[in-house]
Amino acid sequence: MPKAITDVAIIGGGPVGLTAANLLGHLGIDCTLFERNETTSFHPRGHVVNTRTMEILRSVGLEEAVNAAALPPERHAGIGFVTSLAGHLIGVIETRVDPEWSRIEQSQSPALKRSCPQDRFEPVLREHANRYNSASVNFGYAITQMSPDDEGVDLHWQTADGATGKTRARYVLAADGPRSDARHAVGIGMQGRSIGQQIGIYFHADLWELVKDRPYLLNWIYNATTSGVLISLDGRYRWTYNFGYREDQSREDFTEERCLELLRAVIGTPEIDIEIKNIMPWRMQARIADQMSSGRVFLAGDAAHPLPPTGGQGMNTGIADVQNLAWKLKLVLSGNAPESLLGSYSTERRPVADFNVEQSARNAQAMARKGLSGMLANDSDLLANIEGPAGAENRAKLAEGIPEQRAHFDYAGQTFGYFYDSDLITTDGTPAPEIEVVTYTPTGRPGHRAPHLPIRYQGRDLSLLDLFTLDSFTVLLGPDADAWRGAADGLGDDALPRVRVFSVGSGQEIDTDTAAWCALYGVSPKGAVLVRPDGHVAWRSVGQGAEADLKAAFSRASGQIAALTTDTKARTHAVS
16 MPKAITDVAI
26 IGGGPVGLTA
36 ANLLGHLGID
46 CTLFERNETT
56 SFHPRGHVVN
66 TRTMEILRSV
76 GLEEAVNAAA
86 LPPERHAGIG
96 FVTSLAGHLI
106 GVIETRVDPE
116 WSRIEQSQSP
126 ALKRSCPQDR
136 FEPVLREHAN
146 RYNSASVNFG
156 YAITQMSPDD
166 EGVDLHWQTA
176 DGATGKTRAR
186 YVLAADGPRS
196 DARHAVGIGM
206 QGRSIGQQIG
216 IYFHADLWEL
226 VKDRPYLLNW
236 IYNATTSGVL
246 ISLDGRYRWT
256 YNFGYREDQS
266 REDFTEERCL
276 ELLRAVIGTP
286 EIDIEIKNIM
296 PWRMQARIAD
306 QMSSGRVFLA
316 GDAAHPLPPT
326 GGQGMNTGIA
336 DVQNLAWKLK
346 LVLSGNAPES
356 LLGSYSTERR
366 PVADFNVEQS
376 ARNAQAMARK
386 GLSGMLANDS
396 DLLANIEGPA
406 GAENRAKLAE
416 GIPEQRAHFD
426 YAGQTFGYFY
436 DSDLITTDGT
446 PAPEIEVVTY
456 TPTGRPGHRA
466 PHLPIRYQGR
476 DLSLLDLFTL
486 DSFTVLLGPD
496 ADAWRGAADG
506 LGDDALPRVR
516 VFSVGSGQEI
526 DTDTAAWCAL
536 YGVSPKGAVL
546 VRPDGHVAWR
556 SVGQGAEADL
566 KAAFSRASGQ
576 IAALTTDTKA
586 RTHAVS
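My numbering numbers the first residue of the sequence shown as 16 and each following residue consecutively.
You may find that some hints are simply not true.
[Claimed, not checked] In silico EDC-like pairs for lysine to aspartate or glutamate, Cα to Cα no more than 20 Å straight-line:
1. Lys227 to Glu419
2. Lys18 to Glu166
3. Lys292 to Glu267
4. Lys292 to Asp249
5. Lys541 to Asp528
6. Lys292 to Glu272
7. Lys292 to Glu271
8. Lys566 to Asp508
9. Lys566 to Asp486
10. Lys385 to Asp45
11. Lys412 to Asp436
12. Lys292 to Asp221
13. Lys181 to Asp164
14. Lys412 to Glu402
15. Lys18 to Glu142
16. Lys412 to Asp396
17. Lys385 to Glu373
18. Lys227 to Glu286
19. Lys541 to Asp526
20. Lys227 to Asp113
21. Lys385 to Glu419
22. Lys385 to Asp396
23. Lys292 to Glu53
24. Lys385 to Asp369
25. Lys18 to Glu53
26. Lys541 to Asp508
27. Lys541 to Asp564
28. Lys541 to Asp486
29. Lys227 to Glu272
30. Lys227 to Asp249
31. Lys385 to Glu354
32. Lys181 to Glu166
[As the list claims (entries may be wrong)] Between beta-carbon pairs, the in silico distance windows are:
33. Leu511 to Asp221: 31 to 37 Å
34. Ala498 to Ala157: 55 to 61 Å
35. Pro138 to Ala19: 25 to 31 Å
36. Gln160 to Ala534: 54 to 60 Å
37. Thr270 to Pro469: 28 to 34 Å
Rather than coming from a laboratory, the hints here were simulated on the basis of the structure.
Every residue, glycine too, gets a C-beta built ideally from N, C-alpha and C.
Take these sequences, add in the hints, and give me the full structure.
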């Protein structure tokens, strides 16, 4: 049974809501999750777990379990463009089979981007969340009414068998999908557009002989019968096929018999047995909420920003949302920060979500412009003449546009390069770097994700990112930064957030190459860096400075400064 009183109620038990339960549970926050469905997702749906999300999961001990449930890395080697699995290969965007690409990927993070289908991902998150005594995870409980006031929020719930009850929460984190009842309840509007109508078919078939030498995560299909994207879920037996349909068609047109015909055209050979497990109509949207919070109610994931799947940013953006909010809730609930700290959530996250929505839409449109989109309308005349010797010219025409699509599938700059610009960040006067979708340039500039660096700590080989924990701020001191030590050691006490202090450099407590550390973080050996619990840099000093500067930056980053604004109007920054 759900708790009658809880600090944080989570509405929605998808990847975002379940991640929130794990983060809040890890922090010891009393939280109660409500999911109207009785089980986790049956349809695989989303599958991309980007590297930043894997870092967040790593921080709460979930990386290994997700890796075990994910598509093996060797079957996640690129993106294929084909007439059918048995037909012509039109082109490839290589990723992990390219040694240089692989080297760059491993230099950016201790974690790896994975493909873990939602029907495998959610059970991992749910099982782990159930381990926390402070987290109550309740499936089969629908929220029927939500009544916020100045002190909290009353949530009325009902089960499938008609049982009812009420839970009182201090705060609500709503991750209840694009049609969010919670969003409607607090009167937050949403802007954007619907891009098209799609069907997703989840099926089983042994396709090993057709894919063993083409270990691609995605195969984009182009032929006279169908065009769409085939997603490999386990590298052999489990698959989803997603495609768009015309406005003069309806979802009822796609019976199981019709879907079998399409799948045979996707595979390209009639003798393979196919078992359709589920047919799911869906709509591609590019929308964003007018604001991501109202009073004590915070929106995350699709409730705040339903994204097109072109780029795999949907649940990843939502998981970064709840990471941003979790540590702030911890400080406020523990009395270590004023409630005004929570106003920074929408300020920081909405610009990131806005960019991800638009970039995902750009990806879809870029594919369509080159005749490559299986999710939107395609050139039917071209596809009617694409197979066999007579189709060579049309295949060549499609192949020309494939190299331009890398931003759709390979986007380290988008994953790591965004930054926060809020009252919590103490700027150092350096200009914001130009952020590219594909290319990531590490930087320790305030507001940005603190860069990964291999380290040796307490006899273990780790990443510098492993030092950053959701329950504490971290001060990194250069090997010659003794002048900062007194100020750093004096930051935390019982009335303030926890602070951990480390010396970084060759032969230091955090043993790593001094020159590499200084270059990545933009400091000298006398410099210092303050990192927030979510791993974003809050302040840095290139060299020795006044102790008061670090103390003021910490007060700002932890919401102690009285002038901290609660304005939820998002600050914008240029991203290209």
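Each hint, compared with the structure:
Our distance criterion of 20 Å between C-alpha atoms is broken by Lys227 and Glu419, whose separation comes to about 26 Å. For the hint pairing Lys18 with Glu166, the CA-to-CA distance comes to about 18 Å; that is within 20 Å, so the pair holds. Between Lys292 and Glu267 the alpha-carbon distance is near 17 Å, which keeps this suggested pair within the 20 Å criterion. Distance restraint check for Lys292 and Asp249: the Cα-Cα separation of roughly 15 Å lies within the 20 Å cut-off, and the hinted pair is therefore satisfied.
Our distance criterion of 20 Å between C-alpha atoms is met by Lys541 and Asp528, whose separation comes to about 15 Å. For the given pair, Lys292 sits about 13 Å from Glu272 by alpha-carbon distance, which is consistent with the 20 Å threshold. With a C-alpha separation of about 10 Å, the suggested pair Lys292 and Glu271 falls inside the 20 Å cut-off, and the hint holds. This hinted pair checks out: Lys566 and Asp508 have alpha carbons roughly 13 Å apart, not beyond 20 Å.
Taking the CA atoms of Lys566 and Asp486, the gap is near 19 Å; set against the 20 Å cutoff, the hint holds. Between Lys385 and Asp45 the CA atoms are separated by roughly 51 Å; this puts the pair beyond 20 Å, and the hint is violated. A threshold of 20 Å between alpha carbons decides the hint, and for Lys412 with Asp436 the separation of about 43 Å lies outside it, so the pair is violated. Proposed proximity of Lys292 and Asp221 is supported: the alpha carbons are some 14 Å apart, at most 20 Å.
As the CA atoms of Lys181 and Asp164 are separated by approximately 15 Å, the hinted pair is consistent with the 20 Å bound. Distance hint between Lys412 and Glu402 is fulfilled; the C-alpha atoms sit about 13 Å from each other, no more than 20 Å. As the CA atoms of Lys18 and Glu142 are separated by approximately 19 Å, the hinted pair is consistent with the 20 Å bound. Only pairs whose Cα atoms come within 20 Å are accepted, and Lys412 paired with Asp396 is accepted, the gap being roughly 13 Å.
Among the hinted pairs, Lys385 with Glu373 is consistent with the structure: their alpha-carbon atoms are about 19 Å apart, no more than 20 Å. Of the supplied pair hints, the one linking Lys227 and Glu286 holds, its CA atoms being roughly 18 Å apart against a limit of 20 Å. The hinted pair formed by Lys541 and Asp526 meets the criterion: a straight-line CA distance of about 16 Å does not exceed 20 Å. A distance of roughly 18 Å separates the Cα atoms of Lys227 and Asp113; the hinted pair therefore holds under the 20 Å criterion.
For the given pair, Lys385 sits about 9 Å from Glu419 by alpha-carbon distance, which is consistent with the 20 Å threshold. The straight-line distance between the Cα atoms of Lys385 and Asp396 is roughly 14 Å, inside the 20 Å bound, and the hint therefore holds. Only pairs whose Cα atoms come within 20 Å are accepted, and Lys292 paired with Glu53 is accepted, the gap being roughly 19 Å. Simply put, Lys385 and Asp369 have alpha-carbon atoms about 25 Å apart, too far for the 20 Å limit, and the pair is violated.
For the given pair, Lys18 sits about 18 Å from Glu53 by alpha-carbon distance, which is consistent with the 20 Å threshold. Taking the CA atoms of Lys541 and Asp508, the gap is near 25 Å; set against the 20 Å cutoff, the hint is violated. In summary, the hint linking Lys541 to Asp564 is supported, as the alpha carbons are separated by about 15 Å, within the 20 Å threshold. Straight-line distance between C-alpha atoms of Lys541 and Asp486 comes to about 27 Å, which puts the hinted pair past the 20 Å bound.
The straight-line distance between the Cα atoms of Lys227 and Glu272 is roughly 28 Å, outside the 20 Å bound, and the hint therefore fails. For the hint linking Lys227 to Asp249, the alpha-carbon distance of about 12 Å falls within 20 Å, and the restraint holds. With a C-alpha separation of about 50 Å, the suggested pair Lys385 and Glu354 falls outside the 20 Å cut-off, and the hint is violated. Simply put, Lys181 and Glu166 have alpha-carbon atoms about 16 Å apart, close enough for the 20 Å limit, and the pair holds.
In this structure the hint that Leu511 and Asp221 lie 31 to 37 Å apart at CB is violated, the actual value being about 59 Å. A hinted range of 55 to 61 Å for the beta carbons of Ala498 and Ala157 is consistent with their spacing of about 58 Å. Taking 25 to 31 Å as the suggested C-beta distance range, the pair Pro138 and Ala19 conforms, at roughly 28 Å. Checked against the hint of 54 to 60 Å, the C-beta distance between Gln160 and Ala534 comes to roughly 55 Å, which is consistent with it.
Hint check: Thr270 to Pro469, Cβ distance near 54 Å, so the stated range 28 to 34 Å is violated.
The earlier numbered hints that this structure contradicts are 1, 10, 11, 24, 26, 28, 29, 31, 33, 37.
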